[in-house]
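With these hints in hand, go ahead and build the complete structure from the sequences.
For the record, the sequence lines run as chains A and B.
Sequence positions in the first sequence follow the numbering used here and run 28 to 825.
Sequence positions in the second sequence follow the numbering used here and run 660 to 821.
The hints are simulated quantities; they were obtained by calculation from the structure and are not laboratory data.
Keep in mind that the hints are not guaranteed to be accurate.
Claimed, not checked - Simulated restraints, written as ranges between beta carbons of each label pair:
{"no.": "1", "chain 1": "A", "residue 1": "A211", "chain 2": "B", "residue 2": "K783", "range": "28 to 36 angstroms"}
{"no.": "2", "chain 1": "A", "residue 1": "I488", "chain 2": "B", "residue 2": "Q797", "range": "52 to 60 angstroms"}
{"no.": "3", "chain 1": "B", "residue 1": "R753", "chain 2": "A", "residue 2": "T600", "range": "48 to 56 angstroms"}
{"no.": "4", "chain 1": "B", "residue 1": "V729", "chain 2": "A", "residue 2": "E489", "range": "56 to 64 angstroms"}
{"no.": "5", "chain 1": "B", "residue 1": "E691", "chain 2": "A", "residue 2": "P179", "range": "31 to 39 angstroms"}
{"no.": "6", "chain 1": "B", "residue 1": "P707", "chain 2": "A", "residue 2": "P179", "range": "51 to 59 angstroms"}
Think of the CB as a built atom: it goes at the ideal place given N, C-alpha and C, for glycine as much as any other residue.
Now for the letters of each chain:
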Amino acid sequence: MMVRRARVLILWVGCIAFAAFIVARAHYITDLSAFLPANPTPVQQLLVDQLRDGPATRLILIALERGDAVARARVSVAMADQLRKDPQFSSVNNGEAVAGQRDREFLFQHRYLLSDAVTPERFSASGLNAAIKETIDNLASPAGLLFKSLLPRDPTGELLNIFDQLARAPAPQSRDGVWISADATRALAVAQTAASGSDSDAQSRAIDAIRAAFAAAAGDSQRGPNKGVQLRLSGPGVFAVAARAKIERAAVRLSIASSILVVALLLAVYRSLPALGLGLLPVTTGALIGVAAVALGFGAVHGVTLGFGITLIGESVDYSIYFFIQSRHALNRVAGRSWQQFWWPTVRLGMLTSVCGFASLLPSGFPGLKQLGLYSIGGLIAAALVTRFVLPALLPRDFAIRDVTPFGTRAAALLQGVRRIGRAAIALWSVALVMLAIAVLYRDRATLWNRELSALSPVSIEEQDYDAKLRADLGAADVRDLVIVSGPDLESILRSAERAAHALQALVDEKAIGGFESPANYLPSMATQEIRRSGLPSAPELRANLKQALDGLPLRADRLQPFLEDIEATRHTALVSVRDLVGTSLNAGFDALILHQRDKWDALLPLRGAAADRPIDMARVVAALKDAKVGDAQVLDLKQESDTLYASYLSEAIRFSLAGFLALTVLLLFALRSPLRVARVLAPLVLAVLTVAAGLAVGGVHLTILHLVGMLLIVAVGSNYALFFDRQTHAEGDGSEALTLASLVIANASTVIGFGLLSFSQVPVLVALGTTVAPGAFLALLFAAIGAPAASARAQHT
Amino acid sequence: MGLLAMRQHGRVEFIEQHFLKVLNHPIESSGELRYDAPDRLEKRTLKPHEETLVLTGGVLTVERAHNKRVMDLHAYPQVQPFVESIRATLAGDRSALERLFHLEFTGSVARWTLTLVPVESKVKQSVAQVRIEGARDQLLKVEIRQPDGDRSLMTLRPSTLP
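Take a look at the structure:
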């Protein structure tokens with residue numbers, strides 16, 4: 028016996044050491060890839076790329092509020108100046124015209140290659156005449172006056188044309204030199220980070236840099252010229268960083284709170300410190316093994332998986348409670364039959380049914396759910412084994428906990444009272460409850476499930492509204508609809524982007540879309556540049572055309588000598604390449620629209636709606652692109668695509684859960700060998716799940732994937748209760764119902780406490796889990812207890 | 660100034676001539692100028708091309724044919740005196756004028772001349788001097804001289820347009 032005990036302990040310590048080693052060396056992921064598909068389709072891959080690294084994820088929206096308008100503008104200018112020097116940001120735009128000398132020089136130097144107005148016709152006599160006439164007309168307007176000094180070199184107004192070409196997006200309002208909101212209560216700016224939005228650490232550093240720049244720019248918030256001005260940030264990166272902190276905070280705080288409560292409960296019940304210490308062994312071992320299993324199975328552990336560690340407390344603490352309370356009974360009452368012999372088969376069966384439930388998460392396409400499934404399975408098996416083999420081995424000889432028989436007896440008496448209404452009445456009530464629940468669920472069937480990914484978002488409605496407001500003020504910077512063209516190199520995607528732009532411009536003219544951006548606006552393809560360059564006339568030809576063009580215009584040809592020289596120079600110059608963009612602020616705009624991974628290049632053409640409240644008719648966009656033979660262009664509605672993705676996870680998870688339930692039923696049939704007994708075990712669980720689902724629906728909650736996980740947990744935890752009552756009924760009546768009931772009530776209390784606390788968190792996913800499992804576990808026990816044929820009652824009859 | 664400030668709305672026709680060295684002869688445009696207190700100025704050019712220029716709250720919107728351009732005057736100090744001199748004078752907004760220009764008032768209320776010289780050096784690069792002639796609360800002529808010798812002359816008269 029001693030030898031066996033030693034072997035068990037050595038094996039256990041060995042396992043723990045190995046698991047600890049794995050856990051310590053495991054790689055942990057905190058980005059949002061837990062919510063992204065593991066094996067994406069090509070369209071999903073585009074979506075994943077966008078959600079992780081798309082230009083939209085790199086934007087930080089900066090708002091300055093309160094204080095007075097002049098102070099806000101002053102802080103905006105000083106802050107932007109500071110941030111522009113920071114290499115963490117690829118661009119910082121607050122509306123100031125800092126496009127600067129460098130950009131202007133670059134655009135001016137390459138104007139005949141970059142301007143989309145440059146065609147051979149432009150430099151024919153009639154083309155020149157029209158272009159020069161317009162430039163002269165412009166001189167009468169204040170805007171045109173800016174270009175007066177350029178007239179001799181740029182009489183066709185190519186620079187102005189390029190400016191228009193780049194500034195086709197509607198600009199926000201501005202005042203005192205900086206962007207402001209429509210209601211003029213905020214100064215606005217947009218910073219684009221160099222790092223991708225999914226790099227939470229880099230985003231966090233960028234946010235800190237913005238806060239520091241604000242603090243330096245605003246100075247003393249109480250006194251001084253900028254007093255009262257406040258900073259507020261928004262955007263995907265800001266949300267991701269805040270969400271991470273929020274989930275971590277909530278998970279840690281709630282885990283601590285629920286641990287304290289559960290420990291206090293157990294201490295009150297056991298009145299024994301060794302029992303408490305031993306009682307926590309299955310949970311801690313389970314958690315460790317669970318994480319190790321995920322690390323071994325997946326190579327990396329998602330932060331989300333760790334965050335849900337609390338779910339394990341739900342079931343594995345119960346094991347030790349059953350063990351301590353029931354083994355006391357077994358030792359005292361049933362001579363010669365230990366807990367291991369009498370109760371272990373029931374706990375084992377309960378554990379296996381839970382494993383069946385969680386196994387249904389394993390085939391999910393959602394890495395977060397997959398990991399949660401493996402974590403729970405590994406953890407539960409480990410916890411059950413520790414309870415079965417390690418706890419008995421560690422139990423001190425003089426081990427004793429408080430006798431909870433009196434408590435159990437009182438609970439049993441209460442239960443007797445309820446049961447007195449009669450089995451027929453109970454059955455009737457159950458059927459009525461099932462019908463009611465099904466009726467409610469049927470009534471709300473259309474809205475029962477929330478199929479939007481944002482349902483899982485920890486970002487509050489208020490924050491989402493604020494973000495939307497800033498985006499509206501900034502001119503629809505929200506990238507929702509994208510055209511994506513892919514190719515093996517930069518030149519090929521720029522060419523495709525130009526073809527797509529041609530088709531899209533037609534849609535803009537028809538007012539089907541409001542506008543679009545394209546990387547080719549910043550840098551035309553070499554082919555296009557080559558066409559423009561080779562179309563430039565020779566000096567004698569241009570001189571002749573010009574002479575004719577100026578007929579009737581108040582401009583003398585000899586004034587335009589610099590123009591002739593510049594055209595001639597361009598004819599012999601090199602084409603503009605990506606390298607030439609470096610050092611200009613155009614580089615950031617270009618970069619944001621190009622994705623490059625190994626041998627695959629993507630050009631992004633974000634679309635703007637014709638009006639804020641009118642969604643883009645994507646079918647029309649697809650048709651236009653197809654007509655223009657830009658067949659390789661993909662059209663992506665980010666929101667719809669991510670919702671579709673999530674909805675497919677959801678229906679997949681629902682299907683797998685039902686399959687899991689089926690597997691669990693088969694398992695029980697095999698173990699109990701009686702359809703009636705199986706039905707009695709499952710009935711309270713089904714009833715509990717239906718009641719909770721109906722209750723949530725009545726409360727106006729739309730169910731998410733986390734509610735589904737919660738329902739699996741109800742079945743997992745509740746199956747133990749039901750099996751114990753089943754065991755109680757079908758073992759020879761030994762009058763131990765009081766103790767069994769006591770252990771179940773205490774185990775149930777710990778579960779309800781743990782999950783009940785989650786309901787009070789600010790994080791939607793945790794709330795979903797808490798509000799499902801806490802009432803569900805309680806109802807499962809209640810229904811199982813009421814519905815079970817009373818063993819003691821039967822004992823009395825016989 | 661006081662007389663000007665009391666007016667809430669105004670509508671006048673204008674003829675504007677630009678004398679530019681780079682061009683052989685002046686270019687001429689005409690249209691209508693509308694003013695709404697306190698800070699909205701609309702310059703609607705009808706000839707030779709339709710163009711609408713709206714100044715409100717320091718932001719200039721230029722709309723011509725299918726083309727719309729929005730400029731924040733703070734970003735373009737060179738453009739500011741061209742429009743702000745007229746707007747602030749029409750508004751009788753003395754403090755706004757004094758922020759941008761040194762003021763010199765000559766003549767009588769019945770017939771006056773206001774000479775504006777830019778304060779900032781950056782502005783001086785585009786405008787040397789603005790001369791505004793008026794009678795009581797009416798503006799008659801606005802002449803803008805640029806440092807390179809180019810100038811524009813706007814002649815105003817009560818509107819006869821519908």
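To see whether the hints hold, each was checked on the structure:
1. The hinted range of 28 to 36 angstroms is satisfied by A211/A and K783/B, whose Cβ atoms lie roughly 31 angstroms apart.
2. Distance hint check for I488/A and Q797/B: the Cβ-Cβ separation is about 56 angstroms, which falls inside the suggested range of 52 to 60 angstroms.
3. For R753/B and T600/A, the hinted distance range of 48 to 56 angstroms is satisfied, since their beta carbons lie about 53 angstroms from each other.
4. Against the hinted window of 56 to 64 angstroms, the Cβ-Cβ separation of V729/B and E489/A comes to about 31 angstroms, which falls outside the hint.
5. The hint said 31 to 39 angstroms for the Cβ distance between E691/B and P179/A, and at roughly 33 angstroms that hint holds.
6. Restraint check, P707/B to P179/A: a C-beta distance of roughly 22 angstroms breaks the suggested window 51 to 59 angstroms.
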